[in-house]
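Student: Numbering of the sequence shown is given in the working numbering, commencing with residue 1 and proceeding in unit increments.
Calculated from the structure, these hints are not laboratory results.
Keep in mind that the hints are not guaranteed to be accurate.
[Said to hold, decoys possible] Cross-link-like lysine-lysine pairs, in silico, PhoX-like; alpha carbons within 25 Å at most: (1) K143 <-> K116; (2) K284 <-> K227; (3) K225 <-> K259; (4) K393 <-> K3; (5) K382 <-> K354; (6) K225 <-> K249; (7) K3 <-> K400; (8) K191 <-> K346; (9) K34 <-> K324.
[To be verified] Derived CB-CB ranges, DEER-like: (10) D178 <-> P256: 52 to 58 Å; (11) T288 <-> Q113: 37 to 43 Å; (12) D295 <-> K382: 23 to 29 Å.
The C-beta atom is built at its ideal place from N, Cα and C for all residues, glycine as well.
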Amino acid sequence: MSKLKVLMFGWEFPPYKSGGLGTACYGLTKALSKQNVEVTFVMPVTPEGAKAKFVKLIGASNIAKNVKIKTIDSPLKAYMTSASYEEQYYTWGSNKKQVYGKDLYQEVQRYAQIAKHIAKTEPHDIIHCHDWMTYQAGINAKKASKKPLIMHLHATEFDRTADNPDHRISHIEWQGLDQADIIITNSHFSKKNIIKHYKIHPDKIQVVHWGIDEAPTMNYKPEKKDKTVLFLGRVTIQKGPDYFIEVAKKVLEHEPNTKFVIVGDGDMLPRMINRTAELGITDKVIFTGALSGEDVHKAFQTADLYVMPSVSEPFGLVALESLKNRTPVLISKQSGVSEVLKNALKTDFWDLNKMTDMIVNVLRHTALQEELKEHGTREAQKFNLDEPARKIKEVYQRIK
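Let the hints inform the model, and build the full structure from the sequences given.
Tutor: In structure tokens, the structure reads:
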């Protein structure tokens, strides 16, 4: 039986990643390779980035012989907005400005044109695209090779912006979903949003709940006096950092010896720092910026509770990551992971009173914390990427 060959378009992949999408792409390609699927992964990287020991890193990580990385010379990055692209554009010299698009949408089009050439030269049976920046690339690749097209939607523009979309991006998303032969998404929560916002027929959408293979190799036991509550993620409207700050103020009225740690960067960070000052809790809230590697595991293992107050979270891998670090979780009901995770506290992101009660109970009652930790950690071990990869391979075989 010949290997299935997949031409996969993404916009981030370790070590070039800024969020869960890079982790998801890495884990998926690794799991697919174990199932004898050959993946050519195409992503944008600037020449400066491409000088990093990327190929060696991929080899050293043992991602497997069935995965090949192709990089396109482009400054596109995950979670980029038109404003952040423009900010970057004006820092460049004239040489770069002649090569790259003057705005985000021009650069996405340039990426799409290059994709057409790659589709003509790289042997493949299936085209698989991850999120909106790659959708036009996927449409062009399909036109060039006439192969089936899968659009994998990890988050809609409506999720990322809490229902205040950039209509140019939402139009690109609609085009991609409309042109796809099949759509894969990570939860029924996300499927409902796709149907609601883009009027896609339900039969075209396949739900594949996600998992995470990465497990901590360290066991960190910090010396600390205060209880610690953790937020870890992009500091953007989608992730609900403003709700985390407001609930911190309320919890501190009951448990004053508590520290609130915010790990991550994003456009709301300055506003969140200002809000802690307005609430008079600057001495109780720590902003670390983005962390990576072992520092992320340390952040989880230092915390008594991880809180994910997302406004709209198609899945929520970070909740599984927390449990694999033996840290109990409180998650928003407006998330995909809440569909499948039983041993977690759950509340609506806007219900600050209920969220406060839950946090205070965990901080006060060691037995509750231990129960959530033990049962949650055991449950999280079941969520690896072998099963999602098997289901995705079945989709490939069905539409090939």
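Student: Broken hints, numbered, in rising order?
Tutor: 5
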